[in-house]
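Novice: For reference, the chains in residue letters:
Number of protein chains: 2
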Amino acid sequence: MKMIRNAIGRMIPYEIDGKKLKPFGGAHEDHGGGRKVGPPIRAIADYKTKLRSSLDEAIDACNLKDGMTVSFHHHLRNGDYLGNMVMDRIAKRGLKDIVVAPSALFPVHEPMVKHIENGVISHIEGSMNGSLGRACSLGKMSKTCVLRSHGGRYRAIQDGDLHIDATFIAAPVADPHGNANGRSGPSACGVLGYSVADSLYADSVVVVTDNLVPFPNYPWIIRGGNVDHVCQVERLGDPEKIVSGTTRITRSPARLLIAEYAARVIRDAGIMDEPDFSFQAGAGGISLAFLKYMAEIMREKGVKANFARGGSTKFMVDMLEEDLIEYILDLQCFDIPSVESVRRNPRHIESDPFTSYNYHAKGNLATRAKAAVLGATEIDLDFNVNVNTHSDGWLLHGIGGFADVCDSSCTIITVPLLRGRVASIVDSVTTVSSPGEMIDILVTEQGIAVNPRREDLIENLKGSDLPLKSIEELRRMAVNIAGRAEKPQYEDRIVALIEYRDGTVIDTVRQLKV
Amino acid sequence: MKMIRNAIGRMIPYEIDGKKLKPFGGAHEDHGGGRKVGPPIRAIADYKTKLRSSLDEAIDACNLKDGMTVSFHHHLRNGDYLGNMVMDRIAKRGLKDIVVAPSALFPVHEPMVKHIENGVISHIEGSMNGSLGRACSLGKMSKTCVLRSHGGRYRAIQDGDLHIDATFIAAPVADPHGNANGRSGPSACGVLGYSVADSLYADSVVVVTDNLVPFPNYPWIIRGGNVDHVCQVERLGDPEKIVSGTTRITRSPARLLIAEYAARVIRDAGIMDEPDFSFQAGAGGISLAFLKYMAEIMREKGVKANFARGGSTKFMVDMLEEDLIEYILDLQCFDIPSVESVRRNPRHIESDPFTSYNYHAKGNLATRAKAAVLGATEIDLDFNVNVNTHSDGWLLHGIGGFADVCDSSCTIITVPLLRGRVASIVDSVTTVSSPGEMIDILVTEQGIAVNPRREDLIENLKGSDLPLKSIEELRRMAVNIAGRAEKPQYEDRIVALIEYRDGTVIDTVRQLKV
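From first to last, the protein sequence lines are chains A and B.
Going by my numbering, the residue at position 487 of the first sequence is 476; the numbering climbs one at a time, nothing skipped.
Going by my numbering, the residue at position 95 of the second sequence is 84; the numbering climbs one at a time, nothing skipped.
Keep in mind the hints are simulated off the structure, nothing from the lab.
Among these hints, one or two may not hold up.
The list makes no distinction among identical chains, and a pair is therefore deemed to hold if it is satisfied within one copy or across any two copies.
Here are the simulated DSS-like cross-link-like pairs (lysine-lysine), alpha carbons at most 27 Å apart as the crow flies [stated by the list, open to error]:
| id | residue 1 | residue 2 |
| --- | --- | --- |
| 1 | K37 | K129 |
| 2 | K11 | K37 |
| 3 | K37 | K293 |
| 4 | K37 | K359 |
| 5 | K293 | K458 |
The structure presented is a predicted model; accordingly, all values stated were derived computationally and were not measured.
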């Protein structure tokens, strides 16, 4: 296989599965060019009614054929029923080599493994978690998977790199025209933005709901004018697993310390003093604790953020309601309080990956955040970050919004020095999900390292009482405790590409020797 | 010139200005096909800042060249300053043969006539009112104008028939990212939906505002991710002429009677008894009176509309607040109370021409209305309607949403039997704006005629005490009073095409002999 070295030194094949690849050339080196893809032109004369009597009828109306691509959103997360319902029906129809292109898959989608083994699914383009990632690592898919960030997925669909033949949109509330959102009903998930690209660009757009309401259902983040078919099912998902009743803060003293350091580093670097202060945080245990510390510091300093970016949680919603945040610009609700907030608080704004994350747009919201706090599996001495594989080489996570969020003014990676008995800071990450040039600060419980490229932050943090160290020091501390991890053994075959948000390939994942 | 007869018998040239034309083939005969146009792919790396120091700088940043197409929206109506500001600057740059493609032009845009005479503007694609229509009728433009409905304009842009090189969006409120809406500021106009297509498809998108606010400005009907340049001007328009302080009901007894008949025909035809009753009405004097009578009847019958479609006015807003209407689905605010309503009432929904009117979509909102009431300049014995020219042949009006709104379940044309001394009901309309097959009922103060195609409505109206007549009877009554109008005298040259909402040509307008 002919290979080429990309801008961060990873070897990338010239082509794979008959498709030429573009090697990663630097985080902001791509300047677009060409034109977006044009979806098919339909006419209202053919849409007298869109209501199909069953999911089966809707699937049949899509005229699926071997080798076609279908897609799903992941707002119902581990509570989603629809992905499996559709793929089981596709399997029953005897279809083969279907490409599954979800915005993410979860452990609940394990039944798709058998469709991979039976040749119903050729491979996955999007995001895989757990058993599907494991199947990928084992080389079970007949073609090479492509992992994309949320913004990268929108870009790929918009630019025509990822053509979706039929999308199946789980809609917690929809009307017969196909206007849909995620705000109410038994499968309420709050925001529904991850299916916007699919609704705009897929050849066939199916809205599947367990909560059909009279026209007009508003807001219509999914617009009826883009929808071909509407059908009802008994249940879209398991409410208990769609959103948590409550999201829990970490109780680990080390992780609490990391969260506190992250909040303090934002304060001490002067980021909060900027007039348009804003930040992004997620829903992991460290992120929740980070929000708690942020709230304390902001209260103390009398600072208000002009926006915060979710995934949203009760912790962020509380800050909105306390007026510590002017707006939440959201892409995912993680718990019931955040679903309620997006439903009733006009300052809790539903976004989508075009607006928030798309690299091939005229700016986006993530890049406007002054600080972002993100977890990772590994970080290396060049500040390259891995969120996809573990040090043992298993592909177990999707990229999510990671590579997109890293474009904030100050991107902070929060990791414990060790995970289990393995160092999180390594000489060179197993897989590069985002290049080191996008990472500004590493926060561990043992110390904080600023990327040497950010001389401004280093300068600002002089005099801070935070435990500032070099990343090499932190690496040595980790190795002293944990030693060096054994390198995973790989087969030759590349089983997945890590596509950067601009459409270039930043790294590959190889099949594991087991 | 080689001509072909279209489906309603009008002669259409095979081609004009080197472009092949598609003759109108019937209101619902077009079924789409092909793909929408793809806008250019840009990258966020090139959008570190979009703020330009002046309108001049923003215009220069668009790299306009001779023959290019520029566009504007018409939400500021006769109060708009921006159209003239931009065209004067384009003229100063010595550019020639510019195509102006606004969603509409108003008397305030009369200064563009001199740019037409000087060759700065080659022609207009969109909508013309008053002096610009007059210039067109006189053959002053070097190329053939194209008149499109609001939905037809969206379709043409989306399908690539109308390529816009640069759009200048007058934004009553905007942030530095380009997020914009029309809800507040000195030039508030409420809804801003008519510029959505331009923002999505133009090569260069300029947001011009007199009310720059900090990011994030929400709602963002114009999304920053589509905006190239943002600049400030002293004033976008004259508030007194952007929206009326109050819109006035007609005081003419004949017009009041027409309005009352229109409301009663909706009641008597059983349309209000449908469970999902809804209707569309505009802002003319008859329409306002119609709303008054509708409110009375609905109150009396205890009926609620599940939506009404604007242009919105105080009369419609009052019905929303009285709960006679569940939602207003709006595209244009005509007075201050409706601007306030769209700003504060979540049931007053801002729409755009894609969602409301686009024929090349998977259904739209206008077709879901159970009844629509529209004015016209002429209607003929085939129920063909003219809203563009007068009986004397002068092109004086744009199509507006007319051809799109006609797709309601029951389209009612309200006209006085005579206008001045000229019969409104004619043997054959001067210009066909919408074909007779789309028109269901004609209401005049002298009687009501149902299109014979609508046997169901004729059946439903049996027993009504409304003065039902045939359209031929009404025509005879009109002729008896006014006689037959003299036919206008035309030159050979076709100066404008009336494009139907599906992209076919339904009629032409010829240069007047004067």
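Novice: Each of the hints needs a verdict: does it hold here or not?
Specialist: Comparing the hints with the structure gives:
With identical chains, the CA atoms of K37 and K129 are never at most 27 Å apart, being 43 Å at best within one copy and 43 Å at best between copies. Taking the closest pair of Cα atoms, K11 and K37 come within 27 Å of each other only across two copies (24 Å); inside a single copy the shortest separation is 44 Å, beyond that limit. For the homomeric pair K37 and K293, the shortest alpha-carbon distance between copies (24 Å) is at most 27 Å, but the shortest distance inside one copy (50 Å) is not. In this assembly of identical chains, the alpha carbons of K37 and K359 lie at most 27 Å apart only when taken from different copies (14 Å versus 48 Å within one copy).
Within a single copy, K293 and K458 get their C-alpha atoms no closer than 30 Å, and across copies no closer than 68 Å, so neither meets the 27 Å cut-off.
The structure fails to meet hints 1 and 5 from the earlier list, while all remaining hints are met.
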